[in-house]
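Protein chains in written order, with our numbering: chain A, 29 to 391; chain B, 2 to 480.
The set of hints was computed from the structure by calculation and includes no laboratory data.
If you're wondering where the values come from, they're calculated on a predicted model, not measured in any experiment.
No residue lacks a Cβ here, since even glycine has one placed at the ideal position from N, Cα and C.
Where hints are given, some of them may not hold.
[Claimed, not checked] Listing some non-contacts, in silico: residues in chain A with all C-beta distances to chain B over 12 Å:
(1) Val-40
(2) Ser-60
(3) Asn-61
(4) Asn-84
(5) Leu-222
(6) Asp-347
[Unchecked claim] In silico lysine to aspartate or glutamate, DMTMM-like type, Cα no more than 20 Å apart, as pairs:
(7) B/Lys-394 / A/Glu-274
(8) B/Lys-409 / A/Glu-312
(9) B/Lys-345 / B/Glu-453
[Said to hold, decoys possible] Now the in silico label distances, taken between C-beta atoms and shown as ranges:
(10) A/Gly-124 / B/Glu-453: 51 to 59 Å
(11) A/Val-40 / B/Glu-453: 33 to 41 Å
(12) B/Ala-344 / A/Glu-351: 36 to 44 Å
(13) A/Ser-241 / B/Asp-416: 57 to 65 Å
(14) B/Glu-453 / A/Glu-351: 31 to 39 Å
(15) A/Leu-108 / B/Asn-341: 29 to 37 Å
(16) A/Arg-327 / B/Leu-399: 40 to 48 Å
(17) B/Gly-413 / A/Glu-351: 48 to 56 Å
(18) B/Asn-341 / A/Pro-357: 45 to 53 Å
(19) A/Pro-357 / B/Lys-409: 46 to 54 Å
(20) B/Lys-345 / A/Ser-362: 20 to 28 Å
(21) A/Ser-302 / B/Lys-345: 31 to 39 Å
(22) B/Arg-408 / A/Gly-345: 38 to 46 Å
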Amino acid sequence: MKEMRRLCGVIVLLSSLLVSSCNKDIVEIPESNDPVFRTSGVFGGESFEIVAGDNNAYMYTMTQQVNGVDVFSGRIADGLFSLEMGIYDGEIDTPGSNPVNNLSNLSMNFSHSDSVPMIQLSKSVLVNAGNQSVQSINWYVDGEWKGLNDWVIDQPGHYDVCAEVKFIGGEVATFCNDVIAGYTRNANFTFDYLLNQGGDLMADINNLGNAISSVSWLLDDVPVSGSGGENHTAIIPAGFHVLSAEVQFANGAIRKKSILVNGTSNELTCGDFSIFEEIAPQIEPRDYTIRLLVEHDNRSYTSESAKNESAVLAITGLDYYGENANGKPVYKVSASVQASMHELGTFKTKQISFATVFGIEIP
Amino acid sequence: MSWTDKDIDRLYQDRVNDLRFDFKPKYWKEFSAGLPLVPEMSVNEAPEGDIDRLFQASASEVSIDYKPEYWDEMAAMLPRRKNRDFLWFATAAVALGLITAASFVQPPTAITHTVMAENAAANETGVQTETEAVLDASLSTEDVEQPTAESITPSDEELMHSVETSNFGLVDRGGMGNDASDLNDFPVIVDIVDPAVDDAEERLSLYEELVELSIANNDEQLVDPRIAEADLEVELDEEINQRAEVTSVDHLPTNEVATIETVNRLSVPKIIPAPTIDLPVQSRFYVELNGGLSQSLITPSDRIGSSAGIGIGAQFTKGRLIFITGVNGVCTFNEDLVLNRQAKVYGFGSDVYNYTLNYDQLYTIEANLSAGYRFGRHQVTAGVRPSYVVGTKVGFSLIEDDVKGDRKVVYGHTDGIQRFGIKPMIGYSFDLPSNFTIGLNIGAQVMSSVNEEYIDGVNRKLPIDGQFYIRKTLNWRRR
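Using the sequences plus the hints, can you model the full thing?
This is the structure:
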């Protein structure tokens, strides 16, 4: 009996060793699955269906910039028909905001454009009427020269505007400010200053009721030591200098405004560009709105050419999918859409309605 | 089997009838010492057969009360076994013990000696004595209703009647001689060791009456002429005392021994039923080596698969029936088990993957559950072999753009294989010396073996396989 038990034990042990010693490599064969991204509907009376992965169709995802604002976009195309859907960023003055969280809680609308100009850059608006020292201003928007003394920006956006000021004495000085139009400003302030003939400067900021976390004063983009309050006094050296105040608000918004000062003469100064934001028309903010772009038969259509009041947008799902080739996160947006598409360069419109599972890059 | 008192008695009686004792002089001395008036008798004058008959007749009237404690004592002495066969053995041992005790402790009864005396007288007169007639009647099986066990056994009343009516051998012989051969002419008056006469004093008084009767009748024929009257009284007293001692010391207490009634075997049909034998289940382990050939699992294919394996198990035998349970580890070698797999994976676009899998070997654990019947060394079995694929050896290659890449070997990949299987089978085996057995099983796979979505072909229905094995049985018994 003992011998039998031993024999059985040996057999079991050897068997266990044999089985455990086998290299249990498993061939990792991907499993077939259903298409992930697809769009099907009717455009201008013609039905269409695009399945990413079939018939050379592909789902592209990217982040575009439109007038200084990120547009989280995706485009599905098979070479004959392409459909692009984009979501404008929101809280553009609040770094680190989470668009996905906001999108989950919002009912999104279509973006639209107005015929009313958004930003009117003007020398006469910037310089006091009594100041005869400023001869002209060349306006640069996003690094491009736009015009002399006056320039109109007709689309919402976040612009980097620089003014090249030429004085009567022949001096030329340049300073810049960012200008936001057509988007929600989550916090703002005004930059007030007083400069006497001796170069003594007294400056302060008005938070307009918004809680401030910190204030940084810079002179020619160099932080001024010992400064940090809402008030600032300094002796401006001779010559042209750019004094900036960068304010971080309690809600996370950060704004920077700059003025042009001269320690020699208090007439050789220019204020910041807040005036242009204040006189801009108040439109429905473009934060987290959607735009559509269609390319078909070598023609391009957009949903922003006019108010898309009849457009219907129902988003039924927003789920993380994975990363694209650029390593950016991509989300699956399940939606059904009805909208008017306007052909670019013409006044022709076509109706589009479709259901889709769309991929959009949302960082 | 449940044993009754009567069964035990019959067993005892049966054993008694078979007993034979060689005569020794000391037996006679011991025997005669218990007699009140025992004429001297030559040792050679006692025929051996008579002694046997005396003993048997005496034993046939012995009845000993049974007590359960006797059985418990006997059972406690036996080794613990679950086998019921112990019971009959114990009973036989008890009976043998009683026989031995009875033969050396209990003196013969008066009836026995009465029979002797009556027979002696009958030999003279040719007249059958009453007792003899009773015995003859009991012996005779002709013209006599076959007695049952109950009717043959003399009851206590019959014994009493026999005692009371017996003349104790007092016969008128009409002369006697001094020849010791005339011993049979002299009645022997012995005490009655019989439960019918419990009182020793009563027996003694009866005894004295007989002596007085013989003395009063001055019937010298009744007494040993070699003994003077005075000596007779003295001897009588001594015998009385001796007998009293014997009565009080040598008598076997009748209430302390099991009751056993002897029956003449010739006149009693065999009534002891043969004990039923409950055969134990024998269990034996075995180890085996096996190998086989099988049809291809898929069709169309004319390839033959082969297998090899080892196994262990247990074989249970009850009579001619055999039950086998075992486990085999089997390696199956295949040449045609090629599975092609294609996968299209969708994402931003789609990718198509083509793999070719060659299942070179399948490692299976299968059970052996079968039952059979033994014809001497030949066994025929039928059963099932459920199996489970625990591993594989797979060679695979990637095909990309119709170009086949390098072949790689991996273990454990079981996609495309149906892991569970079951094979009904029939088998034959032959026992060789030294506990070896060779055999052959033929079975058919009932369940599908491969996933048809990924093979070039379809599952073959009931692929047949044959398995040859050589088995070594290991002797093992439960203790």
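| task | Tell me, in ascending order, the numbers of any earlier hints that this structure violates. | result | 1, 2, 3, 4, 7, 8, 12, 17, 18, 19, 21
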